[in-house]
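Asker: Take a look at the letters that make up each chain.
Protein chains: 2
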Amino acid sequence: MTSTTLVARREQALGAGAPLFYNEPLHIVRGEGVHLFDADGRRYVDMYNNVPCVGHAHPHVVEAMVRQQGTLNVHSRYLHEGIVAFAERLTRLHPAGIQSVIFTCSGTEANEVALRMARMATGRRGIICTNATYHGNSEAVGKLTRLGAEQPAGGDVRAIPFPEKLRPIVPGASDAELCEAYLDRLRDAIQHLERSGAGLAGLIVCSILANEGLPDIPDGFMARAAEMVRASGGLVIADEVQAGYCRTGRWWGYEVTRFTPDIVVTGKPMGNGLPLAATAASKALVDTFRARTRYFNTFASSPLQAAVGMAVLDVIEREGLREKVAAVGAALKAALTQRKGRCALIGDVRGHGLFIGIEIVTGDGSPDRERTVEIVNRIKDKGFLTSNAGAFGNVVKIRPPLTFSQRHAEEFLDAFDATLDDIDG
Amino acid sequence: MTSTTLVARREQALGAGAPLFYNEPLHIVRGEGVHLFDADGRRYVDMYNNVPCVGHAHPHVVEAMVRQQGTLNVHSRYLHEGIVAFAERLTRLHPAGIQSVIFTCSGTEANEVALRMARMATGRRGIICTNATYHGNSEAVGKLTRLGAEQPAGGDVRAIPFPEKLRPIVPGASDAELCEAYLDRLRDAIQHLERSGAGLAGLIVCSILANEGLPDIPDGFMARAAEMVRASGGLVIADEVQAGYCRTGRWWGYEVTRFTPDIVVTGKPMGNGLPLAATAASKALVDTFRARTRYFNTFASSPLQAAVGMAVLDVIEREGLREKVAAVGAALKAALTQRKGRCALIGDVRGHGLFIGIEIVTGDGSPDRERTVEIVNRIKDKGFLTSNAGAFGNVVKIRPPLTFSQRHAEEFLDAFDATLDDIDG
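Respectively, the protein sequence lines represent chains A and B.
The numbering of the first sequence is my numbering, which starts it at 380 and goes up by one.
The numbering of the second sequence is my numbering, which starts it at 380 and goes up by one.
So here's chain A without its partners, still in its complex pose:
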């Protein structure tokens, strides 16, 4: 099976345009720990995948999966201890206000629940998001997608500029002034929704603004934005699909950017590849949602989801992954920041824990998407898998499994240096 033949079969069976990474797509056959292997046996260090968060093919997760699927896997309208215990363990990882959980099969479904929950609880329709976000692919959640969108947000949705220090809406402003400027935009959006009759149901935001390119946020913005939303009667939804599960070196992104959500959405890393996501909130919010919707999700809240979800939490705790992510991530970010001073291509190095963005720029500091794509492909040819992201597509996105080690980081830095040399040379 050549890759060319497989590409043609894939285009027929899955349709043209099913997304593929890299100029020369990777034909992948095996994963183990932080490594992926292609059909020719070539080994790559996976620096992209956050779903297999405890590493590809982790034996403890595989064992939990086979044990539960071989014992019982059925829908949730029976009593089952495992799913209750998993929900209890998950809520204990949040502050006391987060008490109950609705499980779903995807981040999209979990964000659907969050939006409906906020709208039902407030009796209002208006949702505020950022202008470079992505929260999922359903019709309702897709309305929040501003990344690459041709139309401005409208109707029940208002997009505000994402807060950042690198290309701020008020150039040259102090941190405090910038914070006020972004808060003004949020206030405008709230008032706009109120005047339109939609009213404010809530703010939804990735806690670390991942799709926006992991910007440095003016100090205090997130907490004050949350206060402003609540003072206007809205709810704050933290989308932790990318930010959560120790990705940042803390359990949750909202601990890093310092705000308290009313509703927390989790997804990608929860099942190490098993479809599993969740919407957690106060019992009162969840009760109201359940009473109004009789929500049921066939595949969710299953014994399989619970067993695998528990196994992932086991590994994170047993292997000390949160602490490891904090240490390895800080060292990698520091090493990359050093390189920023030495290489004009690197406009900025940002991020938290093992979620780091390297901003690639032209000579005048403008975003250089083309060069970013070139770097991603060149590093891939050297055996390291990354991608590009951010509002301008010019951020090299580093987001490996949480088991990524100091040694892997050093190997990557050598390859990154060589890639920059290739390009400069």
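Please note that the accuracy of each hint is not assured.
If several chains are the same, the list does not tell them apart, and a pair holds so long as it fits within one copy or across any two.
Lysine to aspartate or glutamate pairs mimicking DMTMM-like chemistry, simulated, CA-CA at most 20 angstroms apart [said to hold, decoys possible]:
#, residue 1, residue 2
1, Lys-522, Asp-535
2, Lys-662, Glu-390
3, Lys-703, Glu-790
4, Lys-719, Glu-790
5, Lys-703, Glu-789
6, Lys-544, Asp-598
7, Lys-761, Glu-790
8, Lys-719, Asp-743
9, Lys-544, Asp-595
10, Lys-544, Asp-563
11, Lys-761, Asp-801
12, Lys-761, Asp-796
Hints were generated in silico from the structure; no laboratory data involved.
Put chain B on the given structure of chain A with help from the hints.
Answerer: Showing chain B alone in chain A's frame:
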């Protein structure tokens, strides 16, 4: 762990109102083949669950799951042979016009894709469904839920009365007259959408009207409805989430009710409990959808979905389940139909293959939901798990794993007879 304690913990962790079956909920711990076992070791014949379609804990499925999760499970933006082969195998089970597949994690997500696909392809918004249907729990798909809805369908959605012979919209009409009467209602709905400016994007229908209570449909209605929709420029979406995968003794429900869909949605049984669903259509429809949306679904189209989906198809073919379902289902339906003449409680016996509805009525033939619920609970106490369904909640729903045998059917008939005797006596 008593059931009472577990109910209290469940209400806290999952919120009040997370749905539970039976007056005395079942505390379930194990499944094997067509059997489920409770915490006290009591064995039940599962006559409800269509998700574990090849039987609970089927070893071939478990083996495929562990092998793939232990080898590779990652998102779909790499080339992977397994997912392409699964899509090819799935499309080969449909007529030639169904060529390409978009995988998702749930029937809801797959119906979201189908609706968006129909709307994009036609450039129109209007969707027609039946007045007692359910296609999923997202905001967009939930607008089609008429079952128990307080509001009439409106906006871009029009609901038509589901076609049936038992309580038809024109009492006393011949079959041919009745077919015309229901087609008139469909024509009205199309014209209504056209006048409203929404236009007709498509008709979405469960191919065997499962949530409507498996009614006997006036002959020829479905094919003529599909023709009328296409003649008006709309697309026909067959929701095969319940009807498909040999449930009826044929591969697809549309073979039973005899129409040709443009878009086919499958879900529940595809992964024997692994979240897995799909939207299949012509390559042209899929290409257009992909080009317009750049659709990506993190957990879907994964090597795990493909391996498990393949294993389910293996078992269905190797164990001859389609033929078995046809034979066991026909015998069970015939045996229940005999009882209809002998017992005034039984108003009707309907269905296809191993999806049978027993309509429970009062003395004057009106739907008797209360008595239906009583029967379902009494049969459960005798060791057989069913549920109630239908537009009036008065249909005992029989929908066991496809491996349900003649012997299980005979055991059930004994328990059913004893239950009717208990009630009559």
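Asker: None of the hints should be skipped; say for each whether it holds.
Answerer: Hints versus structure:
1. Lys-522 <-> Asp-535: Both, since 9 angstroms and 17 angstroms are each at most 20 angstroms.
2. Lys-662 <-> Glu-390: Between copies only: 9 angstroms across chains, 46 angstroms inside a chain, cut-off 20 angstroms.
3. Lys-703 <-> Glu-790: within (17 angstroms within a copy, 58 angstroms between copies)
4. Lys-719 <-> Glu-790: within (18 angstroms within a copy, 75 angstroms between copies)
5. Lys-703 <-> Glu-789: within (15 angstroms within a copy, 59 angstroms between copies)
6. Lys-544 <-> Asp-598: So Lys-544 and Asp-598 pass the 20 angstroms test inside one copy only (10 angstroms; across, 68 angstroms).
7. Lys-761 <-> Glu-790: Only inside one copy: Lys-761 and Glu-790 sit 10 angstroms apart there, 64 angstroms across copies, limit 20 angstroms.
8. Lys-719 <-> Asp-743: Close inside one copy (15 angstroms), not across copies (83 angstroms); limit 20 angstroms.
9. Lys-544 <-> Asp-595: within (6 angstroms within a copy, 65 angstroms between copies)
10. Lys-544 <-> Asp-563: within (16 angstroms within a copy, 62 angstroms between copies)
11. Lys-761 <-> Asp-801: Within one copy only: 12 angstroms inside a chain, 75 angstroms across chains, cut-off 20 angstroms.
12. Lys-761 <-> Asp-796: within (11 angstroms within a copy, 71 angstroms between copies)
Every hint, counting from the list given before, is met by this structure.
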